[in-house]
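> If you read the sequences in order, they're chains A and B. My numbering applies: residue 1 is where the first sequence begins, and numbers increase by one. My numbering applies: residue 1 is where the second sequence begins, and numbers increase by one.
Note that these hints are calculated values from the structure, not bench results. Any given hint could be a false lead.
Computed Cβ-Cβ distance ranges for the label pairs, DEER-style [as the list claims (entries may be wrong)]:
no., chain 1, residue 1, chain 2, residue 2, range
1, B, P22, A, S86, 34 to 40 angstroms
2, B, G63, A, S13, 34 to 40 angstroms
3, B, S23, A, L94, 22 to 28 angstroms
4, B, D14, A, A99, 39 to 45 angstroms
Backbone N, C-alpha and C fix where the C-beta goes; we use that ideal spot for every residue, glycine too.
Each chain, letter by letter, is given below.
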Amino acid sequence: MPNGTAMRTLNLSVFLTRAPDVEGQWVGHCLDLDVVSQGDSMRHAYEMTREAVELLILDDLNAGREPTLRSAPREEWEAATRVVHSANPKLYTLSELFANEGHMHYALAPLMLGFEAVTSMHPAALQEIEAPLRAQAA
Amino acid sequence: MPARFRDIRRALLDYGITAEPPSSGSHWKLRDATGKAYTLPCHNGDRTEISDVYLRALCRAFGLDWHEFMRKL
Chain A
1 MPNGTAMRTL NLSVFLTRAP DVEGQWVGHC LDLDVVSQGD SMRHAYEMTR
51 EAVELLILDD LNAGREPTLR SAPREEWEAA TRVVHSANPK LYTLSELFAN
101 EGHMHYALAP LMLGFEAVTS MHPAALQEIE APLRAQAA
Chain B
1 MPARFRDIRR ALLDYGITAE PPSSGSHWKL RDATGKAYTL PCHNGDRTEI
51 SDVYLRALCR AFGLDWHEFM RKL
């Protein structure tokens with residue numbers, strides 16, 4: 001990694017449901033950032049949500065805003081949690097998930113994004129900040 | 001009640017929220033006077049029908065009154 005840059009990773013999740021009011025559409029909701037999009041299939045809704053999340057995170061970072069300060073309201077989290085806990089959960093890979101969308105009504109899918117952030121901080125100062133975070137993660 | 005992409009764009013203008021077409025991908029970028037941004041899906045063109053689930057999140061993002069916004073559609 002070149003001096004003056006820092007890699008930042010965000011681990012998010014997307015709650016995917018059939019649109020309750022638009023025939024044939026799926027809705028993707030990144031609850032962590034309260035970003036919603038939709039698509040013609042579960043896979044498409046996931047891809048659309050990822051695109052929307054990427055656009056907004058980049059917009060925030062370029063404007064000097066912290067992207068993770070927004071989140072869906074508590075009732076949205078509770079509704080998603082209720083749905084997920086209302087049946088026996090099954091674990092799938094993403095490709096298995098999308099291949100089985102025909103008989104599904106909802107899914108919770110991971111979304112991991114990495115960003116290279118350019119900083120004017122001296123590399124030594126950056127390392128000083130990052131060291132405790134790395135130790136915490138280890 | 002879902003809404004069409006073009007009607008949402010028109011209603012947002014009443015709040016001074018502008019829409020910028022995508023340079024790539026399928027989302028328009030919305031922006032209010034303070035610079036706050038949100039995205040608007042348009043994967044099926046101008047006639048894209050958009051769910052209430054999205055419309056509620058859109059209102060939250062810009063602090064719009066849901067009922068008032070729905071009356072403008």
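> Hint by hint, say whether it matches the structure.
Now for the hints, and whether the structure bears them out:
Between P22(B) and S86(A) the C-beta distance comes to about 36 angstroms, which sits within the given range of 34 to 40 angstroms. Between G63(B) and S13(A) the beta carbon distance is about 25 angstroms. The supplied range of 34 to 40 angstroms is therefore violated. In this structure, S23(B) and L94(A) meet the distance hint of 22 to 28 angstroms, their C-beta atoms being roughly 27 angstroms apart. In this structure, D14(B) and A99(A) meet the distance hint of 39 to 45 angstroms, their C-beta atoms being roughly 43 angstroms apart.
Hint compliance for this structure: hint 2 is the single one not met.
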